[in-house]
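> In case you want the letters, here they are:
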Amino acid sequence: MRKTIDRREFLKLAGLLSLGYAIPQWIARPAVQQFSSRRQNVLIVLFDAFSASNISLYGYPRQTTPNIDRLAERAIVYHNHIASGNFTTPGTASLLTGTLPWTHRAFFLYDPIIKSLKEKNIFGVFADYHRLAYTHNPAADVFLAQFLAEIDQLTLWEDLYLSKNNIVNKWFRNDFDIASVSWERAFHREEDGEAYSLYLSHMYENLKRDFEEIRQNFPDGLPGASGSHFLLEDGIDQLQKSISAAPQPFLGYYHFFPPHDPYHTRTGFWGSFQNDHYLPIEKPPHIFKRDWSAEFILQKRAEYDEFILYVDSEFARLYNALEQDGLLDNTWLVLTSDHGEMFERLIDRHTTEVLYQPIVRIPLLIFPPGQESRVDVFENTSAIDLLPTLSHVTQHEIPAWTEGKVLPPFSISLADAKKDVFSSMVRETDARGHVTKATATILRDNFKLIYYYGYQELGEAGELIELYDLQADPEELNNLYPGENRIADELLGILKAKGEAGK
Amino acid sequence: MFLLSAFAPHVWTIILVLRDFGWISERTNAWDALGAGAYGLLFAFVESFFVFVIALILGLFVSRHWEERTRLALLCVLLLVVALWEVFGQLYFMWGLSVPAEAIRFLASNEHPLRNIYSVALIFIVTPVLFLVYLVLSSQKMVQVIEDWIDRITLLVTMYLILDLVALVIVVFRNVNL
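Keeping their order, the protein sequence lines are chains P and F.
Per the numbering used here, residue 1 is the first one in the first sequence, and the count goes up by one each step.
Per the numbering used here, residue 1 is the first one in the second sequence, and the count goes up by one each step.
No lab work stands behind these hints, which were simulated from the structure alone.
Every residue, glycine too, gets a C-beta built ideally from N, C-alpha and C.
Careful, some of the hints might be misleading.
[As the list claims (entries may be wrong)] Okay, derived cross-link-like pairs now, EDC-like style, lysine to aspartate or glutamate, Cα gap no bigger than 20 Å in a straight line:
| no. | chain 1 | residue 1 | chain 2 | residue 2 |
| --- | --- | --- | --- | --- |
| 1 | P | K437 | F | E26 |
| 2 | P | K289 | F | E26 |
| 3 | P | K241 | P | E323 |
[What the hints assert, rightly or not] Here are a few chain P residues that face chain F, going by a calculated C-beta distance under 10 Å:
| no. | residue |
| --- | --- |
| 4 | A179 |
| 5 | W183 |
| 6 | Q456 |
| 7 | L458 |
| 8 | E460 |
Looking at chain P on its own, in the form it has when it is part of the complex (with noise of 0.2 Å):
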């Protein structure tokens, strides 16, 4: 049957016109794929702090992601990919509704996205799809308790938990994340040796130590989160299992703890990385350095490193039983991050003032449907331009409420490949929601500028600016700032009215 184009198709087809524009840069790439269908599935698997700045497949100097570089020959590789936030709550509403901080307004930990967008998310734009999700991470189960709607197979995130906390289960269901929040300090000592309660905390330690034989397999301790243990194997397993069984086509949202902190990997990667003699670039302390020396960051970029050997160990055992399985044939395999980590300028993991490479810069791997050649890409790119993306190339309407736009090599026109980037981090809002003190990001091309605002730490001003030129100086020791004051006068300008606008 002769197949009609509508109005819409047109004017996408009309919008390729424009990408004669932007032949020169992408002429060098290998072709992907360019077949494309409305029943082709669509997989997302994000591991949470992952950086791409210790990623092998990104340059990193010790060979972090051996999987990942060898599997990558099949995807499209994005080198300056950003994730919207520096932790779970900003960078996972971003990538989930397509829409920046200061859209979703999820700020900070635990809060949810206003109620206005509930219902504009990746979930129901898949409407006619099968819809699966599941987080080992409580902060990002907020967002799938909101889409529960749009939703068709939701795996609650403690099912995969080796001991669930039944007490606090059973008797605070209503207030679980707080109630586990103080469980944890009260009983569980096996972090930092200290606990809220003085005698029992003993007896809960050997309670837990039923799952000694795992334990035999994790040197320092079951990979965890809220304190209670998980294995990623399980994780693995359960999203096999359930995309089998799944109806097609379907999407599925597995958002796995690892390699966020505490870094406690397997056998087998334990040590791979303690004496090898890796030093990073020296950078200065920042002002927002903590009170850590920096033999112990280096111990801690270790063990993170060791945990993302595991984390590329069970992506491959994915990747292969999806190939086995046929999926991979007709799948849109996503593999990416909601925000980084970092272990320089004596400042460890996210939870920080500062907006660097390491903090913000993600893996984003997509494999398309048998894509048989690696394609790179080097724009900037941002988390909420996956939504967008993943409903052009599986032929939905791109909703009008997102922000991102279409990637490359998918844009739909030049102005998709080249865009301004951003990234945020909300530290406070006053009565009215106004953001008072916050750090922000843009990225322009090779220009980065980072706004930090409402510290006290930074004097009577309570601003920093710092500018970067991410071609020269990758690893952003050189700022700028006063200098290239055009260039940091407009990106400043663009920031200021993207806060305002938010307000």
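Dock chain F against the given chain P, drawing on the hints supplied.
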């Protein structure tokens, strides 16, 4: 006796709750940080009850040969020493203390290092207990000092119990209204 049992768990919980308030409120908000503290106080109350039951059982083993105020002083001393050792055990990690290398070398110098460690730990715990027990049994003045101290802390612990009540209200409110 219950008030005595509740003293150390509550003091330690309150110190750590105040310490945690900043980072929890920074990540969520002050109400959640208050909630976390409220749960902490309730858990401290439960722990106090356990300590009380154990102290009662131990009390059965104290000879009736001594008068009641001496027996109470003895149990109080025991609770205090154990609590101080537990607090020290946690401070050891919190302050990042470490045993001097010479001491570790000494402990590991023969074929049974674990036996040495347990022996040393026992000496450190038993010595102050025996010393204080001796003082209580041999000096009425010491008994009087402990009684005065008990009078003061029971008043303080009564205030902690009022805080427990407030904590209970907060916890109920959070679980009913969320």
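> Against each hint, give a clear statement of whether it holds in the structure.
Hint-by-hint comparison with the structure:
1. The suggested pairing of K437 (chain P) with E26 (chain F) holds, with an alpha-carbon distance near 12 Å, which does not exceed 20 Å.
2. The suggested pairing of K289 (chain P) with E26 (chain F) holds, with an alpha-carbon distance near 16 Å, which does not exceed 20 Å.
3. Of the pairs offered as hints, the one joining K241 (chain P) and E323 (chain P) holds, with about 14 Å between alpha carbons and a cut-off of 20 Å not exceeded.
4. At its closest, the beta carbon of A179 (chain P) sits 5 Å from a beta carbon of chain F; the interface hint therefore holds under the 10 Å criterion.
5. Interface restraint check for W183 (chain P): the shortest CB-CB distance to chain F comes to about 7 Å, inside 10 Å, so the restraint holds.
6. The closest approach between the C-beta of Q456 (chain P) and any C-beta of chain F is roughly 14 Å, which is over the 10 Å cut-off, so the hint fails.
7. About 17 Å separates the beta-carbon of L458 (chain P) from the nearest beta-carbon of chain F, more than 10 Å, and the hint is not met.
8. Evaluation of the E460 (chain P) hint against chain F yields a violated restraint, the C-beta minimum of about 23 Å exceeding 10 Å.
In the structure shown, a violation is registered for the earlier hints numbered 6, 7 and 8, in ascending order.
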